Amino acid sequence: MLQTTYIREHKELVIERIKRRNFNATDIVNQILKKDDERKATQQKLDALSAEANVIAKQIGGFFKEGKQEEANELKMQATKLKGEIENQKMFQVDEKKDLDELLYRLPNIPNEIVPQGNSDEDNEVVFEEGGVPSLDENAIPHWELAKKYDLIDFELGVKITGAGFPVYKGKGAKLQRALISFFLDKAIEQGYEEVIPPLMVNESSGIGTGQLPDKEGQMYHMQVDDLYMIPTAEVPITNMYRDVILKESDFPIKNVGYTPCFRREAGSYGSDVRGLNRLHQFDKVEIVQIEHPNNSYATLDVMVEHVKGLLKDLELPYRLLKLCGGDLSFASALTYDLEVFSAAQVKWLEVSSVSNFESFQANRLKCRYKDENGKTQLVHTLNGSALALPRILAALLENNQTENGIKIPEVLIPYTGFDIIN
RNA sequence: GGAGAUGUGGCAGAGUGGUCGAAUGCGGUAGUCUUGAAAACUAUUGUACCGCAAGGUACCGGGGGUUCGAAUCCCUCCAUCUCCGCCA
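To convert, count from 1 in the first sequence and add 1151; that's the numbering used here.
These aren't lab readings, by the way, just hints derived from the structure by calculation.
In this text, all values refer to a predicted model and were calculated from it rather than measured experimentally.
All clues given are correct.
Cut-off 27 Å, straight-line C-alpha distance, at most; resulting in silico cross-link-like pairs (DSS-like, lysine-lysine): (1) K1196 <-> K1241; (2) K1170 <-> K1367; (3) K1209 <-> K1227; (4) K1559 <-> K1326; (5) K1249 <-> K1170; (6) K1234 <-> K1191.
So the derived label-pair ranges between C-beta atoms look like this: (7) G1218 <-> N1181: 52 to 62 Å; (8) I1397 <-> L1287: 47 to 57 Å; (9) S1201 <-> E1225: 16 to 26 Å; (10) V1278 <-> Y1157: 27 to 37 Å; (11) R1159 <-> K1196: 18 to 28 Å; (12) L1287 <-> Y1157: 46 to 56 Å; (13) R1159 <-> E1264: 14 to 24 Å.
Positions of the beta carbon are idealized from the N, C-alpha and C atoms, including for glycine.
Using the sequences provided together with the hints, build the complete structure.
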């Protein structure tokens, strides 16, 4: 969420910039400022009353020591009266804080100045494209058929065990999956990321910390008995490692990489988008996360994008890089680049990575700060990106590399798979 | 799952109803001294909110309660440790 003081000081900019999301923030911003004024007034009243009560309480203590019962009792009556008022103000304060938070939760992040105006994914800007689109022969088939043909993934078996969207990877399919995970992790570690294996379930505070709660509750699997949520992405547990932490400037940059399965309910998804590996309830992903000094976060974003580009190049997949327009930008992001690979048999681009700078939007909720050179605490910038999401990579690999003799494994993966063809 | 113990500032560790945001030690920072360093000495050293400021308010695992007043008493949740049980 945005900081109230920032909104107050840059009201027009906030409203103007958020318009790029096709979101009119005028109302919310005004309500926020009004509610914050109320909150401040209450705070002042409460502080004054508390100060008074503290003085009286001390006086009573003094009187008791001196044995002046009567004076003490008289003051006690005053104090009791004050106490009532304090309770009232406290209740106001709690309500106002809650109202204010609810308003702040509804206000999306301010897009970076280079984010283009736009309504949907059709308005995203292609900034880079590499690798020729392969032309497959007319017998080429989509990955869900390839998976069946070579017995790599069993979707029906997953349905039996759990339900739709929980595939079973088998044999060379499983090995290939594991090879990709190891390859992605190794490449990130080469770049100085520290590997972590985080919990796959998180508590409510973590969900709030990275912004999945309270809004996107319906997208996560919720274990009600223990009040825990299955992670929709490793971003949640990894970023929350830095919740309520005050860093030193010398700690920057913090770089973590983690492989985890991800669990998403995907309520409301339908149609051909969900076919095969295109959209799953459980899928594997290697995630990179960086905590940066605000001055460096955009340079770091570029480095992260380059890292992901490198992975796709290594895998010899045709890809393109998109700068998301305001309408397609996620709620918490200030700037997001998507990477898509071309799936030759489906003849469409598949999103395989999303790399974002959240600036201080997440940090504000997380309370992740650092001490600047003046010893003042400031919010950090958080960034993350998929490097990479497995299923669609697998889909593209299977489809693009199919030949009469089988599916060719890219050079870089052979040391990990131990085979160079699936047939 | 059962029984018991514990939870205080970066760390260690006092504090069992009032003058405690909290002794003391270590650590950190700045300075004095020194050719330099160490030692010693001096000062400083949590977070958030309100306020132009002076200053005020809140926070002693989380939440709630008792009281004029809570780190201290009560309830509850969480975590850690010890013992027992179960178990990959």
